[in-house]
Amino acid sequence: MDISSKGDDTVVDITTSEKVVELLNQASLISTDEKLTTLKQVQELIINKDPSLLDNFLDEIIAFQTDKSIEVKKFVIGFIEEACKRDNELLVRLIANLNMLLKDESVNVVKKAILTLTQLYKVTLQWLVRSKTLSEMQEACWDLITQMKGEVLALLDSDNDGVRTHSIKFTESLIITLSPRTPDSDVPKRQEGDISLDKVPKDHSYIHYGTLCEEGKSALEKLLKFMVHPAISSINLTTALGSLATIARQRPMFMSEVVQAYETLHANLPPTLAKSQVSSVRKNLKLHLVAVLKHPCSVEFQGQISILLLDLGMPQTEITRYTPAPREPRKRPRYEQYTEGKKVKMEPVLEDDEDKEEPAPLAAPKPVAVPAAQSALDLTAEFLRPLLTPENVANLVLISMVYLPDVMPASFQATYTPVESAGTDAQIKHLARLMATQMTAAGIGPGLEQSKAKEDEALKEEQNKEDSDGKDILIKRKAPPVMLGQAISVVGGYPEKPSTAEAPAAPKRLPEPILPSAQTKLMGASGRKKVFRLSDVVQPLSDSQNEKLTSSAVKRILHSEKEIAQSGMSHIRVKLLSRLVTQFEGMMKEDVLQFILEDIRSRSDLAFSLLYQEYNTYLSQLPSGLLDSYDQCLFTLLSGLQEKPEQRDGLFTKLVLEAPIITESALEVIRRYCEDESRVYLGMTTLKELIVKRPSRQFQYLHVLLDLSSHEKEKVRTTALAFLKRMYEKDHLRDYIEKFALNYLQLLVHPNPPSLLFGADKDTEVAAPWTEETVRQCLFLYLSLLPLNHRLVHELASVYTEAIADIKRSVLRAIEQPIRGMGMNSPELLLLVENCPKGAETLVTRCLHILTDKVPPSPELVERVRDLYHKRVPDVRFLIPVINGLEKNEVIQALPKLIKLNPIVVKEVFNRLLGTQHSEGSSSVAPLTPGDLLIALHNIDSVKCDMKSIIKATNLCFAEKNVYTSEVLAVVMQQLMEQNPLPMLLMRTVIQSLTMYPRLGGFVMNILSRLIVKQVWKYPKVWEGFVKCCQRTKPQSYSVLLQLPPAQLTSVFERCPEMRAPLLQHVLSFTPHQQAHIPSSIMAVLEAHKKPEPSPVEKEMEHPPVIEETHFAVQKEVEMPVQQEPVVIKDDEEPMEQGESEPVILEETGESISQVDSERDIDTPPPPPETPEESMEESHPETSDQEPVKEAESRVPSSLTVFKTQ
Amino acid sequence: MPSHPLRVAVVCSSNQNRSMEAHSILSKRGFEVRSFGTGTHVKLPGPAPDKPNVYDFKTTYEQMYNDLVRKDKELYTQNGILHMLDRNKRIKSKPERFQQCKDKFDLVVTCEERVYDQVLEDLNSREQETMQPVHVINVDIQDNHEEATLGAFLICELCQCIQHTDDMENEIDELLQEFEDKSNRPFLHTVCFY
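The listed protein sequences correspond, in order, to chains A and B. Under UniProt numbering, the first residue of the first sequence is numbered 1, with each subsequent residue one higher. Under UniProt numbering, the first residue of the second sequence is numbered 1, with each subsequent residue one higher.
The set of hints was computed from the structure by calculation and includes no laboratory data. These numbers come from a predicted model, not from an experiment. Think of the CB as a built atom: it goes at the ideal place given N, C-alpha and C, for glycine as much as any other residue. Just so you know, not all the hints are guaranteed correct.
To be verified - Label-pair ranges, simulated between beta-carbon atoms:
1) B:E121 <-> A:D157: 38 to 48 Å
2) A:A442 <-> B:N144: 24 to 34 Å
3) A:K103 <-> B:N144: 47 to 57 Å
4) B:N144 <-> A:V21: 51 to 61 Å
5) A:E151 <-> B:K92: 38 to 48 Å
6) B:N144 <-> A:S28: 25 to 35 Å
7) A:K713 <-> B:N144: 27 to 37 Å
8) B:K104 <-> A:I661: 30 to 40 Å
9) A:K199 <-> B:N144: 51 to 61 Å
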């Protein structure tokens, strides 16, 4: 069993230890938050769970004190405290580390270190007092902790409020530790076991009872002195008030000092406190006074305390409630208690010893039973009391009326309570005390003189005592004489003798901190140095020291900003600083500038003062003076401002505008500022102000702005351009801006972009090609000026003619906005069109397009273009933009040329002509109606233009279904049909119209009938189309076919033999009466089914004779299409193919018509030919009404044979 | 910015309205916050000014809620008490008394002067141990819903400013002065030690 349990133990041991190792390894790698958790686990393990491991891992944990994180450092401090409390021996090893951390640069670490030192001071003292063995290490440890104690006390003067607060608390604890506990001490339970002076033996080898006692008293004095500082912060004051209350309760022997301090404070609240702070402090004062009052030893101060409490507004009843019942020993003076207490607790031998050694200081105050300061106050109060007669008081009041401030101070307002018991004895006594407090504080009054005399006396005696004390030590320390000097040096309070002679021996004894690396030795060396500093002080200061002192002096002025502001002397500080800094070279200037930049908003006055001072210095050395220093100052300030992320108050602008001179580098900063997209507006406003307000260098500033106008960031550029445009209106800047813009424009003439465009940093001799960006860079400024000054447009034209194609293209893209801005009425632009330099045709065309893109062309513009076209450059493309401004015949004249252009261009032309381009198309009156256009196309002389282009052009028309409605097409067909000769493309158009609008069927039948009248077969092309059309429109077309003469009907059947049978069928379905109307020749053609079908070749062969037969006068012209026949056929196929996409529609409509037919058949059986007429009436009543009816009336007796014209 | 998050306590009399409103807002803004009352009892308005509903600090918000629903649902709905309790119980189960809490804070904000006095008295009567400072600030807030909301925002802003200071103790004085000017109300401020 034993063995196994032992085994378990070791297992546990190993795991704990291993776990710690593991945790520590983790800790060095992870983030701060996790690190803290891990380290806390380690602390728990090695301090509480298994303290035997503490020693093993001490160094590893302490190593974390060099961690960057404040929290980790604070953890290390906490660890030191816990470790030392657990194992006092560790103090020797760890105290030096605490000392290092006490000097850390982070105030939070320092504060934590102070808290820990507060605890460890007591721990150390207790440990050393109890320790039986004497070791050098221990003594060294005590020395160091004493030194640290001194340092923390000195921190009462720290710059940092929080550090001072902590220092006060340390002082409080120190005072309590370094004074004896007495039976009437009010000791908190937790601190029952704490060390206090009464537990310190008087024969300790290096801890001296007397010294400690003195240190305690001097700490109290320090604290009291600290409290009356006029500029004490409210928090420090509150802290100190609380500390005093604690001291009074735990060490009633100091109660008199405490109460007196409260009294003084009450009468002299620091003037720096704000109103609410005054009430906070008074509240605290009340609270602590009550706490003190509750203590049984307060009896002899009850009078003073209750007057104070009354003044603070506490009702008498409440005060009485807190007042303890008087106790027996109340009459005894406190010092007796002090000694008596000691007698009871301490070894009597020591008591005697002390009495022997310190007879004078104890004996002297005893008769008075109060310390010197108290007596001075009391004496003065006693002296004043009989003098306060009503008459004197009235005089005093009258005299002091003169000195009353205009406004009631906040502290007075807050503290004032009406005097309730005026004129009573108690009140006079109180008044006397109040005045005595003031007088004593001011250093006057009989009491003070008397006590001074006494103090001098006491001092002399003290010196005697010290001598004897020293001797005493000498005697005591004889045993280890080597240690003598060291022992003395420890006692910080001793000023003179000790240091010099034996000092070099001291460093050895100071404990060295545990350091993670090999630095240990280095630190030892530096520790040595420390001591040598003492003697260094005596030597003349070296240059570096001199400098250091000067700069730290300046720094003090610099950092006393708040304090000086409170005294209202800020302007003097500012003046002083700027003078000092400009006079001396060195780091100071940077420090000050840095300081300004930390909070430039509130420190701008300093900034300006410094700047002016620098300039002043420059002026005073003028002939030879350099601007460097000024420049650096301005540059640093501006750069600082520029780098600040955000500022709304225009400080940058202010600085720029108020600086006496803007140097090159400053201008560079301004430029950078302007380049910042988020501040570009502010930056350029500043720049503009500079240009306007500093005429002597305005071109320099203007140049910066001009440079920015081709900046790569769009926002910067557009802002710069906007500013420049406004400045362009100013006459004196106009030329410069214009010249700059034109210079840039001229760059486009170069074959490669010049280096200027890339900034200085890029080597551009490498022939980089022009890019869109570089071209635009050259154009930005120019183009934004163009709308302001139209004359400039000619420059562009001349550059354009010289530039390479790439640039031309970019220019054409870039000019749209500005040209539109100029408008078509610009005389300069019209002039450009008129002149149109050679090579600039494309530019002019582009301009024309831009101008007429949205609005119809003005007559002036049309006139210029027409001139240009007719007289100089007969390029039809010029006409396109102004086409709607031309006369009808002009358009028709140009049409053949226009439709030969690139299809896209043709499309555009048609868009313009048909008004499908402009949104507000109605405003432009097109020279041609859509119908006119289509007719004009049909009439184009095929000599001037090939058929293919014409067909394509008509196709474009048909594509515009919105424009070419069935009505428009009907009119077109009507007009075309009436022409003589028939246009070649007539039937094509008819078929296409029918394909688009099947309901035109009836109308088309009408056309076909009339074509028969016009002997359509004489025009081979048209005839071909005619047959095709009939083929498509069967059975509607049957009645038309029946109207053909027999020869032509035969020709039809030759072309389409499959038509014959259905037609015959159709005729056979007639009533006999109707059949009778069919001529027999026709019937013969219809029934000649046995006739052999002609071969396709024969069919082809038949055509020319037909043409020959017709004997047209225009035979030659007709030959042209024949020659072109293959082409035409091919083209003809196109619409057919297109049409194939719509056969369904065609068939459907056909079906619907036949359906209608069959329905009619049921009602009354009218003959089929009637149907087309009716359906036509439905769709085209206006066009088709008249003629067929007329014809029907005139020629046909039967209503059934309407179309039977032949 | 202090290296660790500010530990804040908000204290009013009954830990119902003002402190809870601030608790709610502060925790939404990511503060490590707790709330307390300093009174001996938890008091809620009753049917008449002289007839408040009195509970002890052990009663949960839930229980109070149910109790009031039982007593007069309409009245307590109408004066917003039920709504408030409903909000509270979603933050924590029951009111806490400041004097009973031994946890340490960096900042204690009180909602009226009487509470401030009680907090100070309590803190000063505790035995000092670590000497760690705690700042106590009083922001006067009237005990009604609207003022509680306004006050909570003020407290929140104050806490945020304090949280953002580099060195809280060194700057708090000035900060409070600024806040006094801005909000036009005085703040009592003191420091106590644990």
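- Query: Which of the listed hints are not met by the structure?
  - Reply: 1, 2, 6, 7 and 8
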